[in-house]
Amino acid sequence: MVGPSRFKGKSFISMRDYNRDEIDFIHGVADEMMPLEAEGTDMAKGRVMGALFFEPSTRTRLSFESAMLRLGGGVTGFADPGVSSAKKGETMEDTIKTVENYVDIIAMRHPDEWSSRKAAAVASIPILNGGSGSWEHPTQAVLDMHCIKHAKGSLDGLTVGLCGDLLYGRTVHSLMIGLSNYDVKLKLISPKKLAMREDVIKYTEGKVEWEATEDLTKVIGDLDVLYATRIQKERFPSEEEYKRFADAYIIDNKMMAKAKKGMVLMHPLPRVNEIATEVDSHPGALYFKQVHHGIWVRMAIIALALGVY
Amino acid sequence: MVGPSRFKGKSFISMRDYNRDEIDFIHGVADEMMPLEAEGTDMAKGRVMGALFFEPSTRTRLSFESAMLRLGGGVTGFADPGVSSAKKGETMEDTIKTVENYVDIIAMRHPDEWSSRKAAAVASIPILNGGSGSWEHPTQAVLDMHCIKHAKGSLDGLTVGLCGDLLYGRTVHSLMIGLSNYDVKLKLISPKKLAMREDVIKYTEGKVEWEATEDLTKVIGDLDVLYATRIQKERFPSEEEYKRFADAYIIDNKMMAKAKKGMVLMHPLPRVNEIATEVDSHPGALYFKQVHHGIWVRMAIIALALGVY
Amino acid sequence: MVGPSRFKGKSFISMRDYNRDEIDFIHGVADEMMPLEAEGTDMAKGRVMGALFFEPSTRTRLSFESAMLRLGGGVTGFADPGVSSAKKGETMEDTIKTVENYVDIIAMRHPDEWSSRKAAAVASIPILNGGSGSWEHPTQAVLDMHCIKHAKGSLDGLTVGLCGDLLYGRTVHSLMIGLSNYDVKLKLISPKKLAMREDVIKYTEGKVEWEATEDLTKVIGDLDVLYATRIQKERFPSEEEYKRFADAYIIDNKMMAKAKKGMVLMHPLPRVNEIATEVDSHPGALYFKQVHHGIWVRMAIIALALGVY
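Residue numbers (my numbering), protein chains in the order written: chain A, 1 to 309; chain B, 310 to 618; chain C, 619 to 927.
The hints are simulated quantities; they were obtained by calculation from the structure and are not laboratory data.
Computed footprint of chain C on chain A, listed as stretches where at least three residues anywhere in the stretch have a Cβ under 8 Å from a Cβ of chain C: (1) 37-50; (2) 66-77; (3) 92-101.
C-beta atoms are modelled at their ideal positions from N, C-alpha and C, and glycine is treated no differently.
Whole structure, please, built from the sequences with the hints as guidance.
So, in structure tokens, the structure goes:
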């Protein structure tokens, strides 16, 4: 049986490290955090988190920081590598081995794909991966799944579309791996050149049924959940090719009209123009509510790693 | 009768939204915060403020943050838009709709004049305007008036000079509107090209008596309060024109000698050379004490908006 | 007898201001902080520290911030002068006279050698010097000495080598002054052009025995403690001259083999390549443990200055 001891003192690096029972357990703890967020708690009183963002981020950093503050703990760190010792030529590992003397837990984001694994290898305190290059963003996947469960009752039996840049989008990598623990059908909607990363396909082989397509309109009617992501211009060889796909994946009221009744629309944010603002008032538009699940899930993950749950 | 319910859950955007009774009420709460600052309080325990500074600021940001910490709450946010998702092309409204899931209240500064109105329109939590372009800086006006009351006993019956850049200076806009609720005479001292903003003049029409002049020496003898502000070089077509006014508005001991006995000198800070440092030891030099009123007033405004007072 | 009253309300600017009894007293308080770090304490509850870093820093800033959080206090400030009012032309003294209205204590770093003295001269709250140009870094010296005491039992009777850039390295200036209160022999190992700063030599004259050398291999066998620092390329007229010394002072396993048994190796960090990573697992490699002493010592210094110990 999964219990708090599975997580105490442990780093949180990749969705590859968690099975269904473990994800469900974290979700259960996150449910308990929902009332505590409003009431306040002193669970992490006296504990300090280091938020080390070697790559800038608003939402993930603020979400981790707020989660720690909601638990009654304190936060220090940096939001910008320009103010850190990295500028003086220090390796990331040395920064970690230094900062672990100041804090009880580290949440980090770094452009290097292996950063958080490397950090966890040298650290004697838990490292929480808040985004490692385009490899993974596991706490995002746990919150995404928590949000889906709350919206649809269960993950089992759902057809979920992952749409946009599936090659470089770290959130969809972690999400596909996480969802592969449930009875889910996936539609992988992307330009062929931005198809789902090969290692994720291999890792989930035999665990989840999926179908790849370039055409969102073709599959949107089958989806219970549409998870959209940003497509970045710089991934394409030409402006025309970029425009072709960026336009094809814009979700506006016209596109939503083709969706199955009750389909929910998610997005890791920030959006640029993938989702038209006219869709924001649609009852299935979950992307801002989705953000809130980040607090509860990160409260759970922090409390578990600190061993204070 | 004005009470806490007037402020609970409400944004604080413009001095236009507050009448004399409401300002007096906030000042009364600020008075109660004065001893609590030293003793400490847990009024806002478990609550979190987001300090979103899309435009850098030392004093306003630190003042809001410290006020929240003094109330026993926590703070997250950003001091620099470069580390925020704005860089990824996110709209300010989306940033607000995201961050409101992390925190209980937002204090923000933004270069756009309509920013905080727009933010409050989409947010379901209170937005506190910490400076919106050159439009308004309302919490500064409340603290300025609190400082004057403590120095002079009352606002009624005073002659107040607003000096410097009255066109682009957001603090003097909010202050003129705020003071128009009291029996105050205003001297508006500025180059003609930097005369008080037209919409402020119109808004306060019939509510406050004022006289405009370019000549500080002519009116300084009438003033109970002189509120100086910075004049920025880039507002002038030529170096000479800038120098002419910048020099005419420098407040040094010679200028202070022309003042009425008991006149107090204020400034929203930072000053560059508008006030000579030789004046700092003058008993009427209030500008550093003025800063302290920011803590008490912001403690009051935050506690009221959070509904924890 | 030295007691808390010696430190209450006082700034911490230079090692020149502390004698042996005072350093020992701080070390004793730091020892008491060691268990409190894990247990948590509310000693500084309701108190706020301003961390004003006019020059970026990871470790010193995070160490001060975490120390304050561990004491139960709150932290505000800036990590980067670019987000402060300095950009608007405000003097450092004005910034201090402003921020002292927001907080109870200020920890600051500034590129100007006289910065913290100047700040303390205008402030009515304690200023803690977290690095002032290449002049001093006194809290680092107190933590360095605390680390040595814990490793070697006592400072008395030790031979300590200070190696690297002794001219511009602020940590070694404060450390030499601090160590001169104990029965210590110093080896000053540096290129002649980067020999120990003249004012430090003069200040410690007659208080400590020292010998200068360019050759680390010649003296390493005599040392109980080797304190290495970074040599910056830009200090040298030519690439070759830089390489000659940088290479001569690289501490790798081969160099460590020449050391006396039990010698401990310290470094203020960040290191670039002065210490090879192969040395990290050496039992005498103390530099990451050394960091931890910063928390205990800064908890002690903050608590004493706040008068809450």
